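Position one of the sequence shown corresponds to residue 76 (the working numbering), numbered consecutively onward.
FYI, nobody ran anything at the bench for these hints, they're computed from the structure.
Computed from a predicted model, the values in this text were never measured in an experiment.
Careful: at least some of the hints might be erroneous.
Label-pair ranges, simulated between beta-carbon atoms [claimed, not checked]:
| no. | residue 1 | residue 2 | range |
| --- | --- | --- | --- |
| 1 | Lys279 | Leu409 | 42 to 48 angstroms |
| 2 | Glu213 | Asp350 | 57 to 63 angstroms |
| 3 | Val304 | Arg394 | 31 to 37 angstroms |
| 4 | Glu94 | Leu409 | 57 to 63 angstroms |
| 5 | Asp151 | Lys205 | 33 to 39 angstroms |
C-beta atoms are modelled at their ideal positions from N, C-alpha and C, and glycine is treated no differently.
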Amino acid sequence: MYEGKIIKFYREKNKLTQEQLGRDICSITHISKIECNQTTYNNEIITLLSKRLGINMDLEIKKFINIKHRLSQWHDSIIMQLEEEVEQINSELECEELVNISDYTHLYQLLRSRYFLSHNNTFEAFKIIKKIRKIEHELTDYESNLFKHVLGIYYLAKQDYINAIQTLKLIQNEIYNNQEYYYHMARAYHTLQSPVLAYYFSEKSHQFFKALNNYLRVIDAEMLMIIQVKDNDNDEIINRFKNLIKSCDLCHAPERKAKVLHHLAFEYYRRKNYDQAILYFKESMSLKIQESPAYLLSLEGFIRSSFDGELIASDNLIRLAEDGLIIAIRINQLLYIHLFKLILYLLRSKEKEYHQYLANKALPTFVKFGVAFLIQRSKKELFNYYSRMNFQEKALEMAKLLFDT
């Protein structure tokens, strides 16, 4: 069953013609039929052909059959975020040439794309996505749903939250047995400020991860659930965040701890408790790679909290904002380039330039990326500014936009 494919693969790898391979063993026609699985053949011929190719057929067949099993393990490891296992299987599969002639070559490419996305390598992921789009009609039903999941994650990485949701909603749950995609839907809804739907899907993903006993992903889902709840009169949210931080320490998960710390800091910022906000923003930054969007997010929060609470001198904050802008430019993060340019205008008391930049450059970018929190905040700032400056037409226009949101 597998012998023909394996023989053809190694014949072509060794740059042999069918005549050269079959010389003194069997005819060209027989070789062709063996390779196409169109004839029966005896073990002696396969043994002779294998010897000429320098392969152990029994071993090659075992490797061929094992491909599906290893791909399944790889997918599970990616979902569970078991980094060592993910890397080990990736290395094995990269060295396994037979994967490219197996029945699972499309599955392998889809999982490679997921692998690249898990490493924030959207460039390599998209190269695969473009190839898959050309042969999408060849995918099995399961692979087609996996492709939608991969696309959804890609759109999330590119901050295209509307397309992410539209794509993920097309997944057929009865065919695709990986409910992890609920978590990605929740993330998109959260960014678009749809707390009810974000909570609903994060709770569904929480149940899925809990059933897998995957406590790291349980932390992810629970964190997403907590930040949907807004209640200034209750310390339950604060306590839940602090309990999650303890869970991160128990699971030795510094990256997750950094995220929880950031959200705790933002909760304090939202409550105008700026002293606590800058404390947790700073701790979050200490656990992040400096040249990363995640670091910039906490840095922007730290500067805003310090400015609003009048806790640090403007000159020091300007230096921090300039550093943030340099990093944002270096890692080509347009969203953060706008955020740090805005905050520099704010820190330098350039009110007119701040609002002009906000209206003409920053807000259109926030709309393009679909970042609802920044869109809403920007519209409110512009409405207040236009009203104060007595720009009635612009104020009415912004009021209408706020009303339609």
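| task | Determine whether the Cβ-Cβ distance between Asp151 and Lys205 falls within the hinted range of 33 to 39 angstroms. | result | With a Cβ separation near 26 angstroms, Asp151 and Lys205 fall outside 33 to 39 angstroms, so the hint is violated.
| message | Within 31 to 37 angstroms: is that where the Cβ-Cβ distance between Val304 and Arg394 falls? | response | Holds, since Val304 and Arg394 (Cβ atoms, about 36 angstroms apart) stay within the stated range.
| task | Look at the Cβ atoms of Lys279 and Leu409 and judge whether their distance stays inside 42 to 48 angstroms. | result | Cβ of Lys279 to Cβ of Leu409: about 32 angstroms, so the range 42 to 48 angstroms is violated.
| Would you say the C-beta atoms of Glu94 and Leu409 sit inside 57 to 63 angstroms of each other? | Holds - the Cβ-Cβ distance for Glu94 and Leu409, about 59 angstroms, lies within 57 to 63 angstroms.
| field | Beta-carbon spacing of Glu213 to Asp350 - inside the hinted bounds 57 to 63 angstroms or not | value | Given range 57 to 63 angstroms: holds, Cβ gap about 59 angstroms.
Hint check: violations occur at hints 1, 5; the rest are consistent with the structure.
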